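A.B. asks: What follows is the residue order along each chain.
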Amino acid sequence: MKPSFESAGLDGWIVRLFEVIDEHNLPWLSALSHRCEQEFGDALVDLVPSYTTLLVVFDPLMVSSPQARAMICRILADLEPEDSTHTGEVHKLPTWYDLSVGPELPRVAAQAGMAVSDVIEAHSQQVYRVFALGFAPGFAFMGLTDPRLECARLDTPRRLVPPGSVAMAGRQTAAYPTATPGGWNLLGRTSARLFDRNREGFSLLRVGDQVRFVPVSRNEFEREGGNTTPMEPLA
Amino acid sequence: MRQPVSSQPCIKVLRAGPLALLQDSGRFGVRHLGVTQGGPADLYSWAWANHLTANPWGSANLEITFGGLQLIAGRDLQIAITGADLGATIDQKPVPLWQRVSWKEGETLAFAAPVNGLRAYLAVCGGFVAEPVLGSVAAVTREELGGFCGMGAKLATGDQLSVYGKDQHVGEGLKQAPREAIPDFSQPAVLDLLPGAQIAHFTGRSLFDAFNNWWLVDDRADRMGVRLTGPRLNCKISTLVSEGISLGGVQVPPDGQPIVLLNDRQTIGGYPRLGSLSPLSAARLAQCLPREKVRLVAKGSEAALTEYRSFRALFNKA
Numbered sequence: 028m029k030p031s032f033e034s035a036g037l038d039g040w041i042v043r044l045f046e047v048i049d050e051h052n053l054p055w056l057s058a059l060s061h062r063c064e065q066e067f068g069d070a071l072v073d074l075v076p077s078y079t080t081l082l083v084v085f086d087p088l089m090v091s092s093p094q095a096r097a098m099i100c101r102i103l104a105d106l107e108p109e110d111s112t113h114t115g116e117v118h119k120l121p122t123w124y125d126l127s128v129g130p131e132l133p134r135v136a137a138q139a140g141m142a143v144s145d146v147i148e149a150h151s152q153q154v155y156r157v158f159a160l161g162f163a164p165g166f167a168f169m170g171l172t173d174p175r176l177e178c179a180r181l182d183t184p185r186r187l188v189p190p191g192s193v194a195m196a197g198r199q200t201a202a203y204p205t206a207t208p209g210g211w212n213l214l215g216r217t218s219a220r221l222f223d224r225n226r227e228g229f230s231l232l233r234v235g236d237q238v239r240f241v242p243v244s245r246n247e248f249e250r251e252g253g254n255t256t257p258m259e260p261l262a
Numbered sequence: 013m014r015q016p017v018s019s020q021p022c023i024k025v026l027r028a029g030p031l032a033l034l035q036d037s038g039r040f041g042v043r044h045l046g047v048t049q050g051g052p053a054d055l056y057s058w059a060w061a062n063h064l065t066a067n068p069w070g071s072a073n074l075e076i077t078f079g080g081l082q083l084i085a086g087r088d089l090q091i092a093i094t095g096a097d098l099g100a101t102i103d104q105k106p107v108p109l110w111q112r113v114s115w116k117e118g119e120t121l122a123f124a125a126p127v128n129g130l131r132a133y134l135a136v137c138g139g140f141v142a143e144p145v146l147g148s149v150a151a152v153t154r155e156e157l158g159g160f161c162g163m164g165a166k167l168a169t170g171d172q173l174s175v176y177g178k179d180q181h182v183g184e185g186l187k188q189a190p191r192e193a194i195p196d197f198s199q200p201a202v203l204d205l206l207p208g209a210q211i212a213h214f215t216g217r218s219l220f221d222a223f224n225n226w227w228l229v230d231d232r233a234d235r236m237g238v239r240l241t242g243p244r245l246n247c248k249i250s251t252l253v254s255e256g257i258s259l260g261g262v263q264v265p266p267d268g269q270p271i272v273l274l275n276d277r278q279t280i281g282g283y284p285r286l287g288s289l290s291p292l293s294a295a296r297l298a299q300c301l302p303r304e305k306v307r308l309v310a311k312g313s314e315a316a317l318t319e320y321r322s323f324r325a326l327f328n329k330a
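From first to last, the protein sequence lines stand for chains D and L. Position 161, counted from 1, in the first sequence is what the working numbering calls 188; the numbers after and before it change by one each time, with no gaps. Position 28, counted from 1, in the second sequence is what the working numbering calls 40; the numbers after and before it change by one each time, with no gaps.
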């Protein structure tokens with residue numbers, strides 16, 4: 028690990044800890060986040076962890092850029108990764124895998140040279156880590172998928188992807204919390220509420236959490252309040 | 013604690029216009045949940061509107077884009093309108109901008125169309141009443157957060173707005189902005205860019221082009237970001253692993269046309285960046301209409317910090 032700094036304006040530093048996406052980055056990034064919370068105190072405005080970096084946003088009226096950088100340097104000097112043996116709970120997201128709500132199942136299967144049922148099995152067997160939240164509130168970037176499932180984004184994003192849609196791009200997977208445009212391959216739909224205004228902190232998933240997609244029947248999906256409105260396949 | 017004078021709303025929306033949003037300083041400490049910052053696109057004018065109505069820093073006021081809004085007062089109010097000149101009138105008489113004025117019960121405050129600039133800020137002495145969501149009333153329509161209803165909605169015809177009662181601060185403070193504090197939005201914007209992020213990966217020619225040409229503001233401009241069109245900028249890296257983006261971040265997608273990210277930007281993104289506009293330059297850009305020309309100028313962070321601190325010091329005296 029060779030940390031580097033990139034200026035992110037008057038009130039921010041991008042701290043780059045790694046070059047590539049890897050599950051082992053997480054214990055370091057979350058350790059850095061927690062130490063920044065302690066050391067910056069009231070001067071901290073926001074932390075945006077992502078795959079390989081942490082964006083530290085501070086109040087420029089309280090600390091200057093050079094002071095903030097010096098503080099982060101001091102933290103990095105004796106940073107220890109957080110204990111990753113403490114795995115915590117695995118969120119289980121009930122997922123209805125079906126062509127009507129997962130129109131890209133055949134596309135992913137074709138390019139992997141697998142049957143659709145094998146794609147579903149491969150996708151639902153893995154325990155994923157949440158690497159980053161972003162794009163939309165509660166949208167969790169998870170990985171990594173079985174390498175055979177690796178797939179490109181759609182050439183033209185859909186204008187509207189319904190909430191709960193379970194999707195893949197590259198070796199990442201995600202579930203859409205709200206209806207937004209999106210260019211990922213749709214495999215199915217979860218009945219889990221990923222962003223809920225009545226929940227503390229609103230988002231079901233946080234960076235570092237573990238997630239499994241658990242296949243359920245249409246009946247079970249509907250019983251849990253899932254939306255069965257079919258998705259148009261791509262023209 | 014501020015108390016509503018009564019639960020009775022005192023402003024009614026006669027005509028909503030294209031876009032009017034309640035904005036406090038923004039939603040902070042939540043970006044790790046994927047929730048955007050929000051807040052006033054033109055921080056400078058927003059801060060002045062609060063200052064002139066003796067509302068403390070952070071108070072929510074109305075950001076009115078393009079104009080078209082018509083409101084009627086249900087009781088006598090003191091207000092200030094700053095930012096763009098959108099042809100505001102009270103009962104058809106022009107409203108002086110950048111100063112505190114009276115808006116009496118039964119009078120109609122109307123915004124027409126942009127004369128200069130794009131977004132006006134309407135502050136009311138006492139401040140608007142709204143329930144914070146995730147610590148802020150800043151309205152973000154895409155995320156359905158904040159605003160008067162909590163669900164991020166823009167103002168709609170028929171909405172009724174409540175205002176906090178006058179507190180002891182009203183009557184004090186500056187009632188008129190000094191001439192030199194009022195921006196001239198008719199002049200082309202010169203925007204300070206703090207180099208950073210992946211600037212070293214752009215070609216020398218592109219760096220020259222970035223700072224030695226006029227850029228045109230594209231039609232694709234909103235509270236998420238403003239696209240600039242001009243010479244094609246080439247970066248030796250086309251995409252990178254997505255990372256956090258700050259206010260004013262200037263990202264360059266593979267088509268070489270920069271996008272400056274504003275308040276409602278998504279929290280993380282994967283295009284290489286030249287750096288970030290200073291907060292006051294991001295505010296200035298937010299006042300530009302499509303097809304206006306702007307220029308980028310490299311600025312050191314120390315100079316930008318000095319400028320930002322003196323801007324904030326103006327409002328911290330009260």
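Simulated from the structure, these hints should not be mistaken for lab results. Note that this is a predicted model, so its numbers are computed, not measured. Note that CB positions come from ideal geometry on N, CA and C, so glycine has one too. One or more hints might be untrue.
Reference excerpt, derived from the structure (chain L facing chain D, CB under 8 Å, subset only) [claimed, not checked]:
1) H44
2) V141
3) A142
Subject to a maximum C-alpha distance of 30 Å in a straight line, what follows is the list of computed BS3-like cross-link-like pairs (lysine-lysine) [stated by the list, open to error]:
4) L:K187 with L:K105
5) L:K166 with L:K248
6) L:K187 with L:K248
7) L:K166 with L:K311
8) D:K29 with L:K116
9) L:K311 with D:K29
A.B. asks: Are the Cα positions of K29 (chain D) and K116 (chain L) separated by 30 Å at most?
C.D. replies: violated, 63 Å
A.B. asks: Under the criterion that the straight-line Cα-Cα distance not exceed 30 Å, is the pair K187 (chain L), K248 (chain L) satisfied?
C.D. replies: violated, 52 Å
A.B. asks: Is the straight-line distance between the alpha-carbon of K311 (chain L) and that of K29 (chain D) 30 Å or less?
C.D. replies: holds, 28 Å
A.B. asks: Does H44 (chain L) meet its interface restraint, that is, does its C-beta lie within less than 8 Å of any C-beta in chain D?
C.D. replies: With a closest approach of 6 Å, the H44 (chain L) hint holds.
A.B. asks: Can the hint on A142 (chain L) be confirmed by a CB-to-CB distance to chain D that is less than 8 Å?
C.D. replies: Check failed: Cβ of A142 (chain L) comes no nearer than 15 Å to chain D, outside 8 Å.
A.B. asks: For a C-alpha distance cap of 30 Å, please report whether K166 (chain L) and K248 (chain L) respect it.
C.D. replies: Measuring from Cα to Cα gives roughly 41 Å; hence the hint is violated.
A.B. asks: With the threshold set at 30 Å, check whether the alpha-carbon distance from K187 (chain L) to K105 (chain L) stays at or below it.
C.D. replies: Holds, because 20 Å separates the two Cα atoms, which is no more than 30 Å.
A.B. asks: Quickly compare the C-alpha distance for K166 (chain L) and K311 (chain L) to 30 Å and report which way the hint goes.
C.D. replies: violated, 35 Å
A.B. asks: Please verify that hint: V141 (chain L), Cβ, nearest Cβ of chain D, below 8 Å or not.
C.D. replies: With a minimum Cβ separation of about 20 Å from chain D (threshold 8 Å), the hint on V141 (chain L) is violated.
Hint compliance for this structure: hints 2, 3, 5, 6, 7 and 8 are not met, and every other hint is.
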